[in-house]
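Chains W and S, in that order, give the protein sequences.
The opening position of the first sequence corresponds to residue 1 in full-length UniProt numbering, with each subsequent residue numbered one higher.
The opening position of the second sequence corresponds to residue 1 in full-length UniProt numbering, with each subsequent residue numbered one higher.
Some hints here could point you the wrong way.
Unchecked claim - Some but not every residue of chain W turned toward chain S, in silico, with C-beta under 8 Å:
| no. | residue |
| --- | --- |
| 1 | S190 |
| 2 | F192 |
| 3 | I242 |
| 4 | V300 |
| 5 | I326 |
| 6 | T421 |
Hints were generated in silico from the structure; no laboratory data involved.
Because the structure is a prediction, the values reported are computed rather than measured.
Even for Gly, the Cβ is constructed at its ideal location relative to N, Cα and C.
Spelled out, the chains give:
There are 2 protein chains.
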Amino acid sequence: MLPLETNGSEDLMTDLFTYIDGHQDEFVQSLKEWIAIPSDSSDPLLRKELIKMVEITAERIQALGATVELIDMGQEQLNDGQSVPFPKAILAQLGNDPSKATICFYGHVDVQPAKMEDGWITDPYNMTERNENLYGRGATDNKGPVLAWINAVDTYKALNQEIPVNIKFIIEGVEETGSQGLEDLIKGNSSFFSDVDYIVISDNVRLSRKPALTYGTRGDAYFFVEVQSGTKDLHSGTFGGIIHESMRDLVYLLANLVDSSGHILIPGIYDDVSPLTEEERKLYDDIDFDLEEHQNNSGVNTFLYSTKEEILQHLWRYPCLSIHGIEGAFSGYGSKTVIPGKVIGKFSIRLVPDMKIPVVNKQVINHLKSVFAKLKSPNKLVVTLQIGALPWIANVNDLQYEAARNAIRKVTPEMIRDGSTIPLARIFQDLTKKSIMMLPIGGADDGEHSQNEKISRSNYIQGTKIFASFFLELAKLHKDLQMNNDPLTIKTSQQNGS
Amino acid sequence: MLPLETNGSEDLMTDLFTYIDGHQDEFVQSLKEWIAIPSDSSDPLLRKELIKMVEITAERIQALGATVELIDMGQEQLNDGQSVPFPKAILAQLGNDPSKATICFYGHVDVQPAKMEDGWITDPYNMTERNENLYGRGATDNKGPVLAWINAVDTYKALNQEIPVNIKFIIEGVEETGSQGLEDLIKGNSSFFSDVDYIVISDNVRLSRKPALTYGTRGDAYFFVEVQSGTKDLHSGTFGGIIHESMRDLVYLLANLVDSSGHILIPGIYDDVSPLTEEERKLYDDIDFDLEEHQNNSGVNTFLYSTKEEILQHLWRYPCLSIHGIEGAFSGYGSKTVIPGKVIGKFSIRLVPDMKIPVVNKQVINHLKSVFAKLKSPNKLVVTLQIGALPWIANVNDLQYEAARNAIRKVTPEMIRDGSTIPLARIFQDLTKKSIMMLPIGGADDGEHSQNEKISRSNYIQGTKIFASFFLELAKLHKDLQMNNDPLTIKTSQQNGS
C-alpha cells in the first residue's frame, strides 16, 4: 500500500505551501482576533464571550462553504443553584463526495482561565509576538490548531483547488471543563458520524522538537473536596481558638492524598492499572526524548525520576494525583486574618488503562471519609467527582497514521502517547468505532494551561502545511485502499494538478 | 472621687444627644461616602484609593478646626521587588488648654479585602441599609467608629459649645496589614504625645449586646510559608507524575501546624504563656456572655469548648493558630488542571502574655524546616514573619475607664479583653506609658474581616453619643483629680451650660 505519487499532486503541494507562506501574517492576524475573546469556560461571568467565540467560529467555518449546524447543549447548573446556558456545539460538513475519504476534525474554542496577576508577561487576551512566538491564552490550546485546520482548507479554496477529502467539523466550547453533553451529542447525531472514515484531533503538544502523532492519552478524574465549618468567614482574632476551622481539616485531607515520592495514598487505586509488558517496555527505548530539554521547558530542577523510560511511563501509563488549589480561602496578595467558613480543595487523578471511573470515585470517597473520621470534626464534608474522562489508546497501523507520516515529509514523526486528557478521543472511539488520530502541531514548551501560553509562528504555519498535505496524502492512500478492496469501483475523482 | 455633676453639664448632654438624633441621616451619609472608597491596604493596585481615603480623613479633621499634620511613611517593599508609597499618617490637634485633659484618639481608615464573589449580599463598597444595619466594608472596622468620634466633636462645634477636653488624633492607613512604621512615628513625635493624658481606641467589637470597655487584646504573628517547585505553573496532564509538586509539600506543612482539637503542634509554643491564676480564673465567672448568641453570630454549629469560661479563655488568654489560605494555587470557581509552580501558605498565631515574637518566629521556622526535611523534597522552602504584633493589657482602674463607665449611663459596661489584635494598644503602652482604653461601639455580630460587614445604625449613633458624653465625664473626673492633686491650681476653664 504505497502512496500514489503523481507530479500533479506534488505540484499542488508546492502551490499550497507557497500560498501558506505568503499569507502567514493574515493567518497570524486571525489567531490574534480569536485570542482577543476571553472564552474561559470555567467562569460563568464570561459565558457571553464564550458564546460569541462559538458563533464566530461557526461563521468562519460557514465561510469555507460548509453547511453548519449549531446544536443547543442546554443549561449548566452552577454550585450556587444558578444556571447559565452552555455554549452551542458546532457540527459542520464540507463536501459529500462518496468516492472521497471523509475526515472529521474535532477541536474546541474555550480556554483555561488567565489573569495578568498569575504571572503573564503580556496580556493573555492580547496576542503578542516575541521572538517569533505568539503569546496568548488559547494560542496552542486549542485556537491555534483549529485555525490551522481552517487555514489549510481555506488554502485549497483560495487556489481554486478541489479539496481531495470530505471534511466535517465538530467544535465544542466546554472542553476545559470536561466536555459535558458531548457524549449525548455524538449519540444523538449518529447519521453525522456514519460516513466519517477518520477522526483527527489536534489538541495536545509534541514531545520534542520533532513532529509527532499521538496514539494514546490519559483520562482524568477531577474531584472537589468541600469542608464547611459554618455559614460565613470569621475574623481570626474574634473567633480563633474556639472554631473547628475548615482549612485545618482540608489541608489534613489533602496531605493524605499523595506522598512525597508521587505515590497515591488512596487504597486500591493501582489495582486496575494494566501491567507493563515486555513488548510495551521496549517501545520506550526508541523514543527520541530529550530529558534535559523537557526539564528546561518545565522550569523544574529535579524530576521524580531520572531515566527517559521512567519519565515517559509515569507520564503515559501510570496514574498520578495533582492538587490544584483551594476555592473559598484567602488567595490574594498580602495578609488577611480570615477563618474561611467553606473551602473547596481541588485535585485530579490522571487515569490510565484499565482504571474505571466509578471504581476510582468510590475509592477516593471512601479514603477521604476514613481520613476525615480520624479528625472527629463536626464540620461537613462533601466529596464530588466533577469531571470523569477515560484514557484512550489507538491502533498506530491505521491508514490515517500512515497518511500523516507521509504528510510530515522528511521528518519521521514520533509515535507518542500523552499524559493529558482529551475526553473526546476515548468517547469517539467508544461511540463511533472510527480510527482516531491526534496530530499535534504545538511544541512541548507551549505552556498549555500555564502562564504565557504560546504557539511558535513556525509551528502554526508548518501545522497549516501539514494539515493541507495530510488531505492529499490521505486521499491517495484512501483511493489505493478502495481500489484494492473494491477493484470494480470506477474512480471518477481526480487530483487537480495546476 | 465622684463626678462633679452640675445642671449645666446635664443640660448640655441633653442638647448634644438631641442634636445627634436629629442629624443621624447626615452622619450615616458621611459613613456611606467613606465606605465608597475601597481603601484596602493589602492590595497595592488600590494604593491610590487608600491615599485618597487618608487625604479625605485629614480634610474632615481639619474642618473641625484642628491643626493637621500628614506624616510621610516611606515606601512599602512588595514581594516582587517593586515598591509603592505607604499612605501618610495623620497627627492632629484640636485645643491646647493646659487646664483640660488631653485625649488622643487612635483609628485607621484602611480596610480588609472585599469582593462580591466572596459572598457579599450587597456591594461591599456601596453602603446599603437593611433592617437598620449599615452594610459595607469598613462599617465597623474602623471607619464607623472613627466617624462617630469626629461626629461627637462636630456636635460640640455645631452647638457652639466649648469642647471640655483637648483632642488629638492619630489616624493610620495600614492597620490591616500590620501598622508598619507607626512605632517609629510615635518614637519620632514624642512631643506630640508628651501632653496626652489618655489614649482611646475604638477598633474592636463588644462581646454581647451590652456596651463594653476592653482592657486587653491578643497579639498576632502572621507567617508566609512559600514552597517553590519551579519557575512557572504546569499542565497536570503534561507534567503530572514526574514533578515534586509544591502544593503537595505545602499542604503537608500546613497539616502539621495545629491538630483537630485546636492544639498548636509547634514545639515550645506554649512555654511563655502566662499561667492562669486563681484570681484571673474568677474574673470569667462575672462576665455576661451569651454563648448561644455568640454561636449564632459565628454561623458555626459546634465550638471547640462548651463552657463560657473555656471559650473566653481560649479567645483572650491562650494562643491559637489559623490557616487563612494559599496564594499562587488555583482559587477560582470551577476546575483548572494546573500544577502551581510557587505557592504561599498563610497562617497566623494569636499571641498572649508573655509570648515573645522573636521566640515564636524561631519556633515556627525550626518546626517547618524539620517537617519539610522529612519530605526530602528538592523544592525551595522560605518561611517569613510578615506581621508581628504584641498582646496588650491595661489597668482597669485608670481614670478614663471610670469616665467611660459614667458616659455609658444606665448600662454597666463589661470589662472585657479581646482575642483580636490592635498593635497600637501595646505599642502606645510601651512607648508613651499613658493610660490606654478601648471603647468599642460595634456589635459582636458586625462581621469585621468577613463578608457582609456592618454596623447597626443604633450602635453608630449611640457610639457618637457615648463619645460626646465621654468628653464631659472625663473633663469632670480630670478636674476633680487635678483639684485633689494640686489644690493651688486656679481653675479657669468652666463647662458651658446652655
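Against the structure, the hints:
1. Violation of the interface hint for S190 of chain W is found here, the shortest Cβ-Cβ separation to chain S being roughly 29 Å, above the 8 Å cut-off.
2. Checking F192 of chain W against chain S: minimum C-beta separation of about 28 Å lies over 8 Å; hint violated.
3. For I242 of chain W, the shortest C-beta to C-beta distance to chain S is roughly 5 Å, which falls under 8 Å, so the interface hint holds.
4. Satisfaction of the interface hint for V300 of chain W is found here, the shortest Cβ-Cβ separation to chain S being roughly 4 Å, below the 8 Å cut-off.
5. Among the interface hints, the one on I326 of chain W holds; its C-beta lies about 6 Å from the nearest C-beta in chain S, closer than the 8 Å criterion.
6. Checking T421 of chain W against chain S: minimum C-beta separation of about 5 Å stays under 8 Å; hint holds.
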